[in-house]
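Peer 1: Sequence:
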Amino acid sequence: MELPNRELFDVRQLPVAGRWFDVGASPKMMTVDDVQGLWTLRFGPFGCRDDETRGGVVHIEGDRMAGGDAHIVFHGGFHIDGTTLATSLTIVRHGQGSGYQRMFGTSAPIFRLDVTAEAIRPDLFEGRIERRGGPDIRVVMRRFEPMTRDSQIV
Numbered sequence: 019m020e021l022p023n024r025e026l027f028d029v030r031q032l033p034v035a036g037r038w039f040d041v042g043a044s045p046k047m048m049t050v051d052d053v054q055g056l057w058t059l060r061f062g063p064f065g066c067r068d069d070e071t072r073g074g075v076v077h078i079e080g081d082r083m084a085g086g087d088a089h090i091v092f093h094g095g096f097h098i099d100g101t102t103l104a105t106s107l108t109i110v111r112h113g114q115g116s117g118y119q120r121m122f123g124t125s126a127p128i129f130r131l132d133v134t135a136e137a138i139r140p141d142l143f144e145g146r147i148e149r150r151g152g153p154d155i156r157v158v159m160r161r162f163e164p165m166t167r168d169s170q171i172v
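Residues 19 to 172 (our numbering) make up the sequence shown, in order.
Careful, some of the hints might be misleading.
[What the hints assert, rightly or not] EDC-like cross-link-like pairs, simulated, lysine to aspartate or glutamate; straight-line CA separation at most 20 Å:
1. 46 with 136
2. 46 with 144
3. 46 with 99
[Unchecked claim] Label-pair restraints from in silico Cβ distances:
4. 102 with 80: 15 to 21 Å
5. 113 with 79: 30 to 36 Å
6. 165 with 65: 32 to 38 Å
Keep in mind that the hints were calculated from the coordinates and are not lab data. Quick reminder that beta carbons are idealized off the backbone N, C-alpha and C, glycines included.
Given only the sequences and the hints, what does the whole structure look like? Please build it.
Peer 2: Written out as C-alpha cells, the structure reads:
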C-alpha cells in the first residue's frame, strides 16, 4: 500500500484568523499585544470529548479579558509570562443551567476562578481552570479574530 504524499497535507501556509502563522511552530515568547482580539473558549472535564465541552467567547484588550456564554459572564485582568497566560476571573451567573453548578462546584451568583493556560501556537492556548474541592477543568482558547481598530471596545 502506497503512503499518501505528506506535502499535499501541508497546512503551514494557510491563514489562521486573518494572520499568517507557521502552524507547526511553537511560540518562544508571547506578550500581551500578541493575544489581543476575539477568542473562542471551550471548557469541560479533562478526558471529555470536544462535543461534550461548553463554550463561549473571550474579548482580550489591553491587560483585560471579558466574555461569556448563555449562562455566565466573566471579566478580569491577566498577565503572560513567556508562553503562560494566567488570570483570576470574576464569574457572574445570569442563567440557570444546572450543569454549571456541577462544573464549577458552586451555585453562587458571583464567584472567582483561576485559569492558567499554555500557548501551543500563537492562535491556541490550552490549560486548566482551578477548582477548589474538585478536579480542575480543561480549557481551550482559539483565536477567532485578531484585534482591529473596529473590534476595540471604546
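Peer 1: Could you work out which earlier hints the structure fails to respect and list their numbers in ascending sequence?
Peer 2: Hint 5 contradicted; others consistent.
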